[in-house]
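Single-letter residue listing:
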Amino acid sequence: MKKKIIWTIDDDIIYQTIIKKIIQKSEMYAPNLPFYNGNEAITALKNVLNTDAGSLPDIILLDINMPILDGWEFIKEFKKIKSDINKKISIYIVSSSIASDDIKKAASYTEVIKYLSKPLSVTILTDIASENNLD
Amino acid sequence: MKTESNWIIITNWFAVRPRTTGFLLFLVLSIAAVSVSFLRHHIEREEEQNEMKIILANAHQKIEQSLKNCYTTSISLALTLDNNGVPQHFDTISKKLLKLNPIISAVQLVPNGVIKYIYPLKGNEAAMNLNVLGYNHLRSEAQKSIETQKIYFAGPLKLRQGGIGIVGRLPIYHKNKFWGFTAVIIKLETLLKIAGVNSPDSSKYYFQLSKKDAATAKERFFLRGNTNFSNRYNISQAISDSDWILYIIAKKPFSFYPQIVFRAVLSLIIALLFGIFTTKLLRKPQELSVLLKEQESRLLKHEMKFKSIFDQATIGFAIIDFTSIDILEANKKFYDILEYTFDEIKAKGVSNIIHLNEVDRNFLNTRTKNNNTSDYNLDKQCTTKSGRLIWINLSISPLRETDEKTNTYIVFINDITKRKKTEKRLNSSLKLVTEQNQRLLNFSYIVSHNLRSHTSNIESIISLIESAETEEERSEMMNLLKSVSTSLDETMNHLNEAVSINTNINLDSSPLNLKEYILKTQKILAKQIQLNDASLIIEVSDDTIINYNPGYLESILYNLISNAIRYKHPNRKPIITIKSYKEKEKDILEIADNGIGIDLTKNSDKIFGMYKTFHNHSNTRGIGLFITKNQVQSMGGTITVKSIPNTGSTFKITVK
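Residue numbers (this note's numbering), protein chains in the order written: chain A, 1 to 135; chain B, 1 to 656.
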């Protein structure tokens, strides 16, 4: 089975370190690409779309609170280029926030598959991978 | 003048004594009326008597005239006798005479008292050969004419030939010797007809003809009608060449005149009515004046009541003419509230004092036009005479005294300064509570989010440690755990700082020289300023003093200035301008930079939030502006930001 391409967008360096480890352990994914804010990720996305469409991510783990371009703004930008992307990209919101406002807001975006509350575990990542295999 | 005043005195005397005046009037009127009715009656009687005299004289004259004519006829008849005492052409002459004197029904020649010649004979045959002197009842009267040697009218008597008549006999002497009589016979009816005796105004009076009987000296009456009229008014006249007396008699009795009584009574009643009416009339003003006095006192009472309500009211009211906006009247409270007197308000203009501007007036005019009578309520701030600034609640409504178009308004004013102050306090405390609540919410969010990010990291690390397969991996995780612990500590410190700001409600403030503090901050940041080649332009006067907590002022200045240096534009040297000025009587501190700026269209709601960073800067903590905002707010001020990306940002702090 082909390993899934996963991108992690979060400004927390410690989290990035941890998630890298977890992704590694789950053995379902190719090594993740870390981005420290939405802007970095959207730039990279546009880049990849033009140069190497094959390396577009299957799954994006997106934080909400980030400098420059936060999670919501990233989704807005993502929507703009969505029609150009010839691949299903599943976006998961991953936040330490358990505020109901954030959860509700996440549900309002059709691009968002699920709202995941930190911490993530190997199991969760495995589940995500298998969810995305089904279709 | 004097008579006039006397007249007034007299008039008043009567006016205040309606009963006496009425009685006096009755008395005067009744005397006058009774006298007048008697006088009138008297005149009427006199008139009647005069009329009767004239009628009587007229009738008398006519009878006398007729009798005189008969005398002429008798003499003419005597002339028919010839020298031998034998009548010649008796019939021819008689016929002519009768034609000349038609009242005579027949003529006779009576030689030696025996009727021998009659004209016309026809109808008078019964009288032929009657010896006048042979009958007692005829002889005495016939002899009367012989005695007087004049014509004498006998009768009235029943004629042998029928009817009642009178006979005028003239004695004739032939050769100084009594020859006989010439006689004229007149029907009584004819004589009376000529005299008009039969047809006087029968409603008022009637005639009577009488003759005294020579033998009995008793008066005999010959006409129909009452013969006993001694109790009635009558006048009489004797007729010559006879013993007749012609009377004219009033039909109504002499003494009894119900008319007078009726008139007198009627006059008395009228006088009485006049008296009563006058009494009533004169009483009316008295009653009215009593009523008026009652009303007056009632009105006065009401007015006093209203006046005292008006004056003692705890609300000030004034009546205003709305075309000229002139005060017409106001109560004591109105002056008390505004501290102006009536004249001062009039001089200054009421609209200038209670600030009725054009908008209000137009509004009121429109409402009045639309017949909207509800009051117009508004709060105004105005200055009293002593310069005190007060709040008044103004309520204006059109004053309708009549149905006419209203032009006056009643204005109620109420001093609501205290209420306004309380309201303001309440509002500010509500604002404070809302703010605090907002901060609390924010804080709870921070706790839930920022702390959780650490705990979730810890959780993940621990599970990774547990599942670690190599020692190296484990020690890597331990290091990671250490850094989590450090940042958790940092977060805890920040939270502590935020909590301490928010819990310090009563912070000590003291007058601080703003410039001194700016210079102090400049000193602290000297190294950064030097490293970044930044320049500070301080446009703050040396004597600007603000009331602030010293620690907070230091912290605010440090955060804002250091931010300005940190977010410098990569292509230019940072220039930071610090200004202070007054705006709406409040001190403003402004810190402007020429840095990279912030896109506020994206970030306006989170710029002052905790852990909100906008730049991927290595030393961004996302806590500075959060702390700054909390400090400014806890000092009762506000902080706002204006920024253009790539041009710079300006932070404006309002000092309470």
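In case anyone wonders, no lab produced these hints; they're calculated from the structure. Careful: at least some of the hints might be erroneous.
Pairs of lysine to aspartate or glutamate, EDC-like flavour, derived with a Cα cap of 16 Å [unchecked claim]:
1) A:LYS21 x B:ASP311
2) B:LYS515 x B:ASP543
3) A:LYS25 x A:ASP127
4) A:LYS21 x B:GLU471
5) A:LYS20 x B:GLU473
6) A:LYS21 x B:GLU472
7) B:LYS606 x A:GLU111
8) B:LYS332 x B:ASP311
9) A:LYS21 x B:GLU473
10) B:LYS420 x B:ASP379
11) A:LYS25 x B:GLU466
12) B:LYS579 x B:ASP543
13) B:LYS656 x B:ASP599
14) B:LYS606 x A:GLU73
15) A:LYS79 x A:GLU111
16) A:LYS25 x B:ASP311
Against the structure, the hints:
Taking the CA atoms of LYS21 (chain A) and ASP311 (chain B), the gap is about 89 Å. The hint is violated against a cut of 16 Å. A threshold of 16 Å between alpha carbons decides the hint, and for LYS515 (chain B) with ASP543 (chain B) the separation of about 8 Å falls inside it, so the pair holds. Taking the CA atoms of LYS25 (chain A) and ASP127 (chain A), the gap is near 13 Å; set against the 16 Å cutoff, the hint holds. For the proposed pair LYS21 (chain A) and GLU471 (chain B), the alpha carbon gap of about 15 Å is at most 16 Å, so the pair holds.
Only pairs whose Cα atoms come within 16 Å are accepted, and LYS20 (chain A) paired with GLU473 (chain B) is accepted, the gap being roughly 13 Å. Restraint check for LYS21 (chain A) and GLU472 (chain B): satisfied, since their Cα atoms lie roughly 13 Å apart, inside the 16 Å limit. Note on LYS606 (chain B) and GLU111 (chain A): the hinted pairing is violated, with a Cα-Cα distance of about 24 Å set against a maximum of 16 Å. Between the alpha carbons of LYS332 (chain B) and ASP311 (chain B) the distance comes to roughly 5 Å, so the proposed pair stays at or under 16 Å and holds.
Restraint check for LYS21 (chain A) and GLU473 (chain B): the C-alpha separation of about 10 Å stays at or below 16 Å, so the hint holds. With a C-alpha separation of about 10 Å, the suggested pair LYS420 (chain B) and ASP379 (chain B) falls inside the 16 Å cut-off, and the hint holds. Distance hint between LYS25 (chain A) and GLU466 (chain B) is fulfilled; the C-alpha atoms sit about 13 Å from each other, no more than 16 Å. About 13 Å separates the Cα atoms of LYS579 (chain B) and ASP543 (chain B), which keeps this hinted pair within 16 Å; it holds.
A threshold of 16 Å between alpha carbons decides the hint, and for LYS656 (chain B) with ASP599 (chain B) the separation of about 28 Å lies outside it, so the pair is violated. For the hint pairing LYS606 (chain B) with GLU73 (chain A), the CA-to-CA distance comes to about 14 Å; that is within 16 Å, so the pair holds. For the hint linking LYS79 (chain A) to GLU111 (chain A), the alpha-carbon distance of about 8 Å falls within 16 Å, and the restraint holds. For the given pair, LYS25 (chain A) sits about 93 Å from ASP311 (chain B) by alpha-carbon distance, which is inconsistent with the 16 Å threshold.
When each numbered hint is compared with the structure, violations occur for hints 1, 7, 13 and 16.
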